[in-house]
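Novice: So you can see what is in the structure, the chains are spelled out below.
2 protein chains.
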Amino acid sequence: METQPDLQHMTIPPSDSQLIALSEDPWNAEPRGDLLRQFFLTPQQLFYVRTHGSIPAVDPTRYRLRLTGLVERPRELSLDDLRSMAPARTVTATLECAGNRRGELMAIRPIPGELAWGGNVIGTANWRGVPLAEVLRAVGARAETRHVAFTSLDEARFEGETVHFGSSIAIEKALSPDVLLAYEMNGEPLTPEHGFPLRVIVPGYVGARSVKWLGEIQLQERPSTNPYEARDYKVFPPEMTRQTAPWSRAQPLEELSLNAVISTPQDGEMRAAGPLRIQGYAISAVGSPVERVELSVDGAKTWTTATIVERADPYAWCFWEVTVVLATGERQLIVRAWDTSKRTQPEDASRLWNFAGYMNNAWHRVNIHVA
Amino acid sequence: METQPDLQHMTIPPSDSQLIALSEDPWNAEPRGDLLRQFFLTPQQLFYVRTHGSIPAVDPTRYRLRLTGLVERPRELSLDDLRSMAPARTVTATLECAGNRRGELMAIRPIPGELAWGGNVIGTANWRGVPLAEVLRAVGARAETRHVAFTSLDEARFEGETVHFGSSIAIEKALSPDVLLAYEMNGEPLTPEHGFPLRVIVPGYVGARSVKWLGEIQLQERPSTNPYEARDYKVFPPEMTRQTAPWSRAQPLEELSLNAVISTPQDGEMRAAGPLRIQGYAISAVGSPVERVELSVDGAKTWTTATIVERADPYAWCFWEVTVVLATGERQLIVRAWDTSKRTQPEDASRLWNFAGYMNNAWHRVNIHVA
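Heads up: the sequence lines are chains A and B, in that order.
The numbering of the first sequence is our numbering, which starts it at 1 and goes up by one.
The numbering of the second sequence is our numbering, which starts it at 1001 and goes up by one.
It should be emphasised that the hints constitute simulated quantities derived from the structure, not laboratory data.
Please note: incorrect hints may appear among the correct ones.
[Said to hold, decoys possible] Examples of chain A residues lying across from chain B (beta carbon under 8 Å, computed):
1) Gln18
2) Leu22
3) Ser23
4) Phe39
5) Gln45
6) Glu269
7) Met270
8) Ala272
9) Gly274
10) Ile334
11) Arg365
12) His369
13) Ala371
C-beta atoms are modelled at their ideal positions from N, C-alpha and C, and glycine is treated no differently.
Given only the sequences and the hints, what does the whole structure look like? Please build it.
Specialist: Have a look at this one:
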């Protein structure tokens, strides 16, 4: 990225962070579930941070976004250029890391070198920015364009090499008016850890496609060869390893899957006997909204339907709650969701184990001690 | 202690502990405030653990309590001997460590070598055991007896020496029917960390007097010379140090002071704007129950009276709650209690600083971020 050759980088999480850090350099952190569940729109301070390397400290006045590849009129766009290209658009969308709930998979069988995420690597915001489609229209995408690749200004290490994080999406998705080059989150400028000054938002896709600190957009015939697109964020059968996996033959992760998580109480906590209000979130793929959320306290023999208390389809999670009466002892709470296509979640996380620990959407179970 | 020369000791906290460990060896731990505040009677798993050394692994069949000193009929009592001496008695009492809320004092000025306790080194239980007074009656206390000293079976390190934890109380307090040699807590046998098989319960006094793993009771004319009684658990003026303090001239800490703590939300947490339910506990000295608890959200300009939702005078805390409406921004919640003698708490913890960090009962302040 020649546009800002003296770009500085930050890596230390701020001392007032509301998040639980899983690693400090690079900074990776998720909120406590009960705090996350308070806000239908996740405040930036409670929004998970997933980074693969540095957090660039970008000077917005010197920032330029490069548009390259199969572009009729290659450009380097300032933030002002971008804002003047098209009216701003706001989209309410949930971002979820493909590694959300990996910790449960790691408890089944180790997953070396990956982060043991809990169930809170997810957040929802009102994203405001310029539709990517409008920018592509302005610069002109040549007819051969099949994929739109995004490259970050960060500095990451992938298998020993220094690289920028990157990703791509198919041109059909890129032309959706809801895919944004976003500069605001819940009415505030993006903070450095969330991609200041500009990030991609690909609603409905795993978080890895919503590249932060966007430095370059490349239009191309083939998907991105960035290692984070080509050799990461794919799911393989359990018998394969990172070394044996046929990376080039597997589809990259795109759509989020149906998932439901209990936010409060949290696993291992103690609660008083009697009526207990259980709260959580659920998410589903675009076009198949969450229809029903069910909770079982008797090992899946019977299920109580939860109330959906807030939702913002098609790209956002919903919030649910249900009150159950619990007697003293060790109790397991189990949640599962159904979507409008009558699909539901797999029962057992051990059936979903894969060497990178992605896309765990088994029934979420929380063990509590009722006293 | 010759009664069990091969006594084993444990030091590692269990992996399923509900507590936040401040040190592992010796094990010192307190619960999260919001979990603590759920139970008026604190479950053993949520009850703070304060140890100065090992946790003895006592074989109850071989256990003997030695009664020595100014005793008419010196005895070594088995647990069965003790239980047959007098009818069991149950007392609801709060134990609070004299170091509760020390962390706030340490933020004002360092307190080297002490634990930075939060505000949850406190708990309440139904204690069941034999009144100490009945045991003293059975063995006969000679007329010169002025103090009753307790010695633990633990192994602690005090200024480089291996010692047993110990303490003493005046004979007048020892003869109260509510001072117990307790073997049950909330209907269950004591767990190892809470003093199995037998501990002293001195209701209304700082926790340090309620000696765990009781090995010996010594009747004497003078207070205990155990270092934890003689050179610890005393409060000196701020200009003094551990080295310069006139230890022998200061009174040992006995009665608990008036205190109130906000349990939920916790300091530094984020909350949604609008009505917020604030919950906490309050405690006062025996004979002067908590009369009123007040909360301020405007820097002590105005106060809202909280509702006392549960209490069990004269030895237990009370639980309070109040709902306030908060606008977005950084907000400070302040709580203070008043007792029936119209005493209230000091405003400023900096006025209470002492080199050992005891007895902080300043207004409790919780800073939250309202979004």
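Novice: Could you run down the list of hints and mark each one as holding or not?
Specialist: Verification of the hints:
The closest approach between the C-beta of A/Gln18 and any C-beta of chain B is roughly 5 Å, which is under the 8 Å cut-off, so the hint is satisfied. Given hint, A/Leu22 at the interface with chain B, is violated; its Cβ is 19 Å from that chain's nearest Cβ, farther than 8 Å. Given hint, A/Ser23 at the interface with chain B, is violated; its Cβ is 21 Å from that chain's nearest Cβ, farther than 8 Å. Satisfaction of the interface hint for A/Phe39 is found here, the shortest Cβ-Cβ separation to chain B being roughly 6 Å, below the 8 Å cut-off.
Hint on A/Gln45 holds. Least Cβ distance to chain B is approximately 6 Å, under the 8 Å limit. About 6 Å separates the beta-carbon of A/Glu269 from the nearest beta-carbon of chain B, less than 8 Å, and the hint is met. Residue-level restraint check for A/Met270 holds (minimum Cβ-Cβ distance to chain B is 5 Å; threshold 8 Å). About 5 Å separates the beta-carbon of A/Ala272 from the nearest beta-carbon of chain B, less than 8 Å, and the hint is met.
Checking A/Gly274 against chain B: minimum C-beta separation of about 10 Å lies over 8 Å; hint violated. Here the hint on A/Ile334 is broken, as its CB sits about 20 Å from the closest CB of chain B, past 8 Å. The closest approach between the C-beta of A/Arg365 and any C-beta of chain B is roughly 16 Å, which is over the 8 Å cut-off, so the hint fails. At about 7 Å, the closest approach between the beta carbon of A/His369 and any beta carbon in chain B falls short of 8 Å, and the interface hint on this residue holds.
Look at A/Ala371: its Cβ gets to within about 4 Å of chain B, closer than 8 Å, so that hint holds up.
Hint check: violations occur at hints 2, 3, 9, 10, 11; the rest are consistent with the structure.
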